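Number of protein chains: 6
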Amino acid sequence: MNENKEFDALAFGEILLRLSAPVNDRIFSGNVFEKRAGGAELNVVSGISLLGLRTGIISKLPKNELGTYVKNNIRFCGVSDDWLLYDESPEARLGIYFYEHGVYPRKPTVVYDRKNASINTINPDDIPEEIYHTTRLFHTSGISLALSEKTRTTATEMIKKFKAAGATISFDVNFRANLWTEAEAKMYIENILPYVDILFVSEETSRRTFGKTGELTDILKEFAKEYDIKILASTERKIISPKKHTFGSTIYNAEEDKIYKEEPYENIEVVDRIGSGDAYVSGVLYGLLAYNDCQKALEYGNACSSVKNTILGDLPSSDKKEIDRIIEAHHSKGIQSEMNR
Amino acid sequence: MNENKEFDALAFGEILLRLSAPVNDRIFSGNVFEKRAGGAELNVVSGISLLGLRTGIISKLPKNELGTYVKNNIRFCGVSDDWLLYDESPEARLGIYFYEHGVYPRKPTVVYDRKNASINTINPDDIPEEIYHTTRLFHTSGISLALSEKTRTTATEMIKKFKAAGATISFDVNFRANLWTEAEAKMYIENILPYVDILFVSEETSRRTFGKTGELTDILKEFAKEYDIKILASTERKIISPKKHTFGSTIYNAEEDKIYKEEPYENIEVVDRIGSGDAYVSGVLYGLLAYNDCQKALEYGNACSSVKNTILGDLPSSDKKEIDRIIEAHHSKGIQSEMNR
Amino acid sequence: MNENKEFDALAFGEILLRLSAPVNDRIFSGNVFEKRAGGAELNVVSGISLLGLRTGIISKLPKNELGTYVKNNIRFCGVSDDWLLYDESPEARLGIYFYEHGVYPRKPTVVYDRKNASINTINPDDIPEEIYHTTRLFHTSGISLALSEKTRTTATEMIKKFKAAGATISFDVNFRANLWTEAEAKMYIENILPYVDILFVSEETSRRTFGKTGELTDILKEFAKEYDIKILASTERKIISPKKHTFGSTIYNAEEDKIYKEEPYENIEVVDRIGSGDAYVSGVLYGLLAYNDCQKALEYGNACSSVKNTILGDLPSSDKKEIDRIIEAHHSKGIQSEMNR
Amino acid sequence: MNENKEFDALAFGEILLRLSAPVNDRIFSGNVFEKRAGGAELNVVSGISLLGLRTGIISKLPKNELGTYVKNNIRFCGVSDDWLLYDESPEARLGIYFYEHGVYPRKPTVVYDRKNASINTINPDDIPEEIYHTTRLFHTSGISLALSEKTRTTATEMIKKFKAAGATISFDVNFRANLWTEAEAKMYIENILPYVDILFVSEETSRRTFGKTGELTDILKEFAKEYDIKILASTERKIISPKKHTFGSTIYNAEEDKIYKEEPYENIEVVDRIGSGDAYVSGVLYGLLAYNDCQKALEYGNACSSVKNTILGDLPSSDKKEIDRIIEAHHSKGIQSEMNR
Amino acid sequence: MNENKEFDALAFGEILLRLSAPVNDRIFSGNVFEKRAGGAELNVVSGISLLGLRTGIISKLPKNELGTYVKNNIRFCGVSDDWLLYDESPEARLGIYFYEHGVYPRKPTVVYDRKNASINTINPDDIPEEIYHTTRLFHTSGISLALSEKTRTTATEMIKKFKAAGATISFDVNFRANLWTEAEAKMYIENILPYVDILFVSEETSRRTFGKTGELTDILKEFAKEYDIKILASTERKIISPKKHTFGSTIYNAEEDKIYKEEPYENIEVVDRIGSGDAYVSGVLYGLLAYNDCQKALEYGNACSSVKNTILGDLPSSDKKEIDRIIEAHHSKGIQSEMNR
Amino acid sequence: MNENKEFDALAFGEILLRLSAPVNDRIFSGNVFEKRAGGAELNVVSGISLLGLRTGIISKLPKNELGTYVKNNIRFCGVSDDWLLYDESPEARLGIYFYEHGVYPRKPTVVYDRKNASINTINPDDIPEEIYHTTRLFHTSGISLALSEKTRTTATEMIKKFKAAGATISFDVNFRANLWTEAEAKMYIENILPYVDILFVSEETSRRTFGKTGELTDILKEFAKEYDIKILASTERKIISPKKHTFGSTIYNAEEDKIYKEEPYENIEVVDRIGSGDAYVSGVLYGLLAYNDCQKALEYGNACSSVKNTILGDLPSSDKKEIDRIIEAHHSKGIQSEMNR
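Sequence lines, in order, name chains A, B, C, D, E and F. Oh and the first sequence: position 312 is 354 in my numbering, straight run, nothing missing. Oh and the second sequence: position 79 is 121 in my numbering, straight run, nothing missing. Oh and the third sequence: position 325 is 367 in my numbering, straight run, nothing missing. Oh and the fourth sequence: position 178 is 220 in my numbering, straight run, nothing missing. Oh and the fifth sequence: position 19 is 61 in my numbering, straight run, nothing missing. Oh and the sixth sequence: position 110 is 152 in my numbering, straight run, nothing missing.
Some clues are possibly wrong.
Where chains are identical, the list cannot tell them apart; a pair therefore holds if satisfied intra-copy or between any two copies.
Simulated crosslink set (SDA-like; lysine to any residue; CA at most 25 Å straight-line) [claimed, not checked]:
1. 362 to 127
2. 263 to 380
3. 300 to 244
4. 105 to 379
5. 267 to 282
6. 285 to 150
7. 47 to 126
To be clear, the hints were calculated from the coordinates, so they are not data collected in a lab. Keep in mind it's a predicted model, so treat the numbers as computed, not measured.
Let's have the full structure, built from the sequences with the hints guiding it.
Structure representation (structure tokens):
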């Protein structure tokens, strides 16, 4: 990947206001919501920035106090706000989602209120042409294809133009049943798969949406061959309870025809699971951008995702020093220090 | 007014989720929003209930956790939720507004996100016919006429049907420049004025929207004559700073052809001004419903409004004992106790 | 059970102000108490209301700000406050209990300050005669018999009158060693058992207080025969630590001579255990009132109790949609969604 | 006054748990109470300790977690807990009061729940004889005479015994209409006035309870002559609003036959008025104990009281450095620093 | 001023961790400190960024979690962190100050713990040469000259090199008696005054430190002539109480030989006064950088400072839309809207 | 041990301000720090006081608001502040440490800012000679030897003088790699070991720092023989995750030549691990001071340490009643009550 670009990674996607009931409280009672910004693609670039690379987010926000709130938070986590667009119309709004933490036997709950958000007024023409040569990698997800026709058209055209300009294309399938049907997902995602270099897809979605069969490794190989995808990654999460997960993943490098896998992180003490899949993507992309090495990608991906579960909010918060310590502890067999002093 | 009805007052209007930055915090920074329910007409009936009468609210809520939140809060303040309608469609949403307190020289700020709320899917047919005979008084405001064609049609039809069923009709003009133009307001409000028995209108709106001239008392008399309105009330608020107001009002009783006025409440220590106009309406309507006496209406109106300014949130919280104490202290000339013990 | 009544269930009992140290804080340090209302019988009817039936609570509150606090919270959870009595004497007071959460090896702590509460001034004559025909079911607990002679006399008379008026009588033994001795409990409870249709009694109390022996199922059958009780329910709770419980129960239907039992909920992530026994009662009574089916009673009872453990405060908060989801997940064997979206 | 004693001042009185609604919140809504300890006599000795002298409190607490809470807070403010008695009976309880801040036109509200508190089981025999020789000064207030017969008998006997042992006797009339009638107050207070050396009494109480007439200075002189009281102090508080007071006082030294007075503190920005009268007493007693100088007593009294109004809770928090700075600023005429750096 | 530079303004100065007792709480009690970043020069560039220009801060932070905290907050307010230096030594530390709000008669209190902070290890050689050509304006304050010999040497050299590279030099005298003596201040500041283009100095410091006499306007003119300074600004703040200030200022433009002045902002409702002087500097510099107009500088300076007083923390938070609204309201004579909707 | 002393135990050591990110928050984000006092030796004496003995702390604090904060908290937990020294120099400062809780896979983090704290200006001459005869036991730890030459010299001289005056000497090795090297620790600790009566040392430090080999019991015996130490105690902690520990210990009584051991506390639900080692020391010393019995020492040590893990902050909070209940529950085999009522 070409290293002489202004950004290591740019992403396109919706940014939401997340309003969550505090731990042990509920959406329909209590008297505060915690406010945070989040969104699948923002989570990814924010994780990459924390690890030390230069990233930016392309999105559209309302030109009001809530847009300002989101912009400031994007900067806080080190992501460039240079490519944000603003909606100045009276209808401008920020999509919202409400979140309630789960505890067994009560599952976490999400209520979306993202219809008619400003992102859905975006057009391919809104994206300045000069952007396409500024980055080594472009990332987006199935959510951007699912939200509305306008986001789909814009995302699709951006994928093609970034590809043409030489950027690596990363895509996370991220199927959401409340945004589109499996048939729609299959159709529109298959349109862009030929442009994708790095694909994130779960085993379940591979089977249910794309009709794949066989072992996970077979599925990944089949995707690779079918669409000439270079690297595929798939996460495995075991939900012991809303507060305890086990997490691991599989990466397939098509050029090497090699599978990468390591011991999962067991009994993660989950504080907030949202965004841990995006944190995985950020770790993998960091491993590829910084080391061009699938073993590194696997280790950073698994560590970033595992530790994100311990952080409130969608956005990761761990820098390279923290992730390196976690990887080291995960691989270490001897006595470990109990504390970072 | 007929006293043998199930409810003393019913109101129709939108109920919003209010998300406010804590005192001294801002919408675009900080990390929590305080959550509350509110809405001009709900505020009115809630104030009447606190004073001891039976009220209910007619509105439409999304059938989700946020709808439940609002429903529970309506009950909390003693208003019946029997006539709430629920929107079960996937587009169902609760209107939201964001609020930031002011301190001189910084004014309070409101950001609305109420477009496409479930209330705007309401139809006159949604309102069960049996409702029209259940109440002594029906109240709504200009906001219900302004929100959308559907709320306007529904509100207008309800005004006519409640009138036909013998209820007293109360209407608060409550002009909001961000919802409609002055010309629209004039047109649609003039349509319903012939049905109105009790009208709340500010001097400024009388002049700007309805083109009235002359002294305030002349204006009120003119409205009364023009539309055969029995009682008219108009508030006067002096903004010394966002944290200090002076409040008084004028009531005109057309049958008696008499103006009611008293000393204003001076230097009110304002905590949250939102809803103090609605609290005024609740006090006036209480005075009329409970005593059929404009002097009582004036005193309850002024006291309810003044004390609402000291309460966080749109909804009033003072019961009759508290309001009676405040009226007594306001009229008292001698030494007063410093504290309620 | 007759369905043409105003209420599906009425209950009689003391309502307390609960002041709890926040999670991880202690009664004798820290600087706030969380405030909530609670009480065994209120918890029961509140749970039934949340599931969709109409309930009310009969109790006596001080006529002051704390009484108002409790009244508003009763409404908030959908329970009727129509039958509340108020104590206007200068001695009027609300019983209080202080609560501190446990974490192994530190147990939860309760400090009671409920002596001389207004409820203990109640008399049978305070209860209006018209109440007895308004409900399908009447519920109270051993606490009401234990608090004071006045509550005992009143509760006992109410049991007899409701029974005479055709209501189903539900009684939860709920033995509390700090309120009375086992001998007192046995004597007074045996007086009312002949009127009871549905009895909740733990295995331990059956043995220690009532001197029963043998298997739990034998004990339940013996109670049934001895007092002609139709349905008996007994919970089994395994305390792994203050933050981890396993919960199940046994129901015996005397008419069918049949035992109902299902797999317990294992490793419940306990946030607040208080009131989970009452939530069980609410689920069982709901199953009986709504379906007249002991299998439903068992499933609703176990689910209501298990999920209550995840909610702060005495009062349950789960509606029917949530309980149905939990029952379904508990019975499901396949892959489950991780989240409610 | 003899300086070779273990304590400079000991006081006797009830200590209460204060539960206050947070600023801008109400007793009957919201979800937390702030918890603090307080009590007229504790407030006084705590203020004296903060200024640098050695003090202790004589009281009776329940032997439970709430008693421990109070004990720890007594130590926190530097008052000795050596003479606390503990009630180990099952009826043991701590008196409570609930507080709500006022904002014009809403007054502050207090709800008492102090009946049957452990302090009311105290007997003169509970007080160890060795205590009477340990202090230079003994202070109590009319509240201790009003609470119950037992506290009255105990307080009265302590006044006599401390007097006999050579201690200076300080007494604050502190009339509370909800504890006793004016006739009772007059009778029991007149019994102890012959033992009093330093008397705190307001002008209003002097007139209403003791039937005094004439100018305030005449009243103080008359008390002095009638009961051979050495020093009398009387505060003047002007309530501009619950958040703005003006405070001053008058001291009469009978030996010198001299009146002390200074400019009042104007427009105090009141945060919490409770305990500011007790803080005044602490400042006056400090001035007398440390300097034996009525001018100092006046200045410390006025400054301690004024600044207490800016502190949440009953207890003062200002040490000598802070009070000295405030006195200096109050007397200064030139440009003052805006800040303590 | 040359507009083709990367930055409109760069500043050099220490950044501190501010730990403040919450409103109404004290440093020596309570159980939390609010955490924020601040520092005279950071406050200035942050204010300029909020108004829409590009700025950066030059400083030295410890390479630990607290340095990261500060860095993220710098980004949050839109200031570039490109020129931050990090101290990786084991002695690395961030300076801290503790803050307590005042309420009359209690003044605000500041406790500094800034000795041995990493900024004091800085050397002129640490500053990369390429920095000097990147900005239109360089700003620093007397604090940077006072902290230590190393910061003084570095700041002095930077002033000279930025001047040489064509940048406008802005300097705020900002005398702090706890950092150096008036004699030291005079000596070291006079060394750099010949390089200064824009000087901020108070009337009091002019007299006490620099021995100036006569009217304020004479003093400003004398400074201008003596050191060839182009623009001088001096603020006038009237402290009515810690919660109420009046603020105005005077600007002198030496080229035009003209004084600029406007009506002061009266009765500002002060929430947090810290940083309002820096906010003034930011407004003035914005007016000069954006409009090259002393009238604009005066209006932006006064408005920025006045509104900063309503914001918690050192850093301003108002963007151009807000400041423009405040200026407009300040100049308006007619009826004003009460709220920003 | 001689029981006719003013204090049962005195300790010498640094007291720090602990600023911790709230649970689930991080040092470099969030907006508050929780503030607490702590320090290894203070933790020890505070634990002993809570159990009912009389203790005091010898330390040096800055004479400012932060010193006052610490002093008040020392009193709060029942430790005497009679022997505190104050640093009135302008350089006076309180050492600080920042703390962040861990959750697997994220470890807890500590950032120290304790350089140049006032404690490091202490001299042996600062300690008044009369102190040496006031206590039965003197305790300090390796931290006091490691902080600076001044604390080392002072601590060493105090050990010798207390020993000479007949006090029992207790020493906790408490090795901290960030304060000194293992070689330094070995040299300076070996200097004082001949004076030590009760030694706390971990197995790991025994091996790494002192080069011991063999079984733990052999190591303890070797220390005992080498330096004539009477009692040695060594803790064993198993870190299952940052939120789950298992804890036990071994005590060796040299006179009896006997090893004491009991079942460890398994699966402790850890809230805050800091200070649990010091709580162990407090329990052991209490067992020895109150009962002169190693079995009691073992049981109190293990219980105090285990339950400290459930308490936020460095300082323990459990009194004798609580510890006795925990010991009883730990030893009990039958059914246990779920709650303390």
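Tested hints:
1. In this homomeric assembly, residue 362 and residue 127 come within 25 Å of each other (Cα to Cα) only across copies, at 18 Å, whereas the closest approach inside a single copy is 30 Å.
2. When the C-alpha separation of residue 263 and residue 380 is checked against a cutoff of 25 Å, the pair qualifies neither within a copy, at 41 Å, nor between copies, at 27 Å.
3. In this assembly of identical chains, the alpha carbons of residue 300 and residue 244 lie at most 25 Å apart only when taken from the same copy (18 Å versus 47 Å across copies).
4. Taking identical chains as interchangeable, the C-alpha atoms of residue 105 and residue 379 lie at most 25 Å apart only when they sit on different chains, with a minimum of 21 Å there against 48 Å within one chain.
5. In the homo-oligomer, the alpha carbons of residue 267 and residue 282 never lie at most 25 Å apart, since the shortest distance is 35 Å inside one protomer and 44 Å across protomers.
6. With identical chains, the CA atoms of residue 285 and residue 150 are at most 25 Å apart both within one copy (10 Å) and between copies (18 Å).
7. In this assembly of identical chains, the alpha carbons of residue 47 and residue 126 lie at most 25 Å apart whether taken from the same copy (19 Å) or from different copies (23 Å).
Of the hints listed earlier, those the structure fails to meet are numbers 2 and 5, in rising order.
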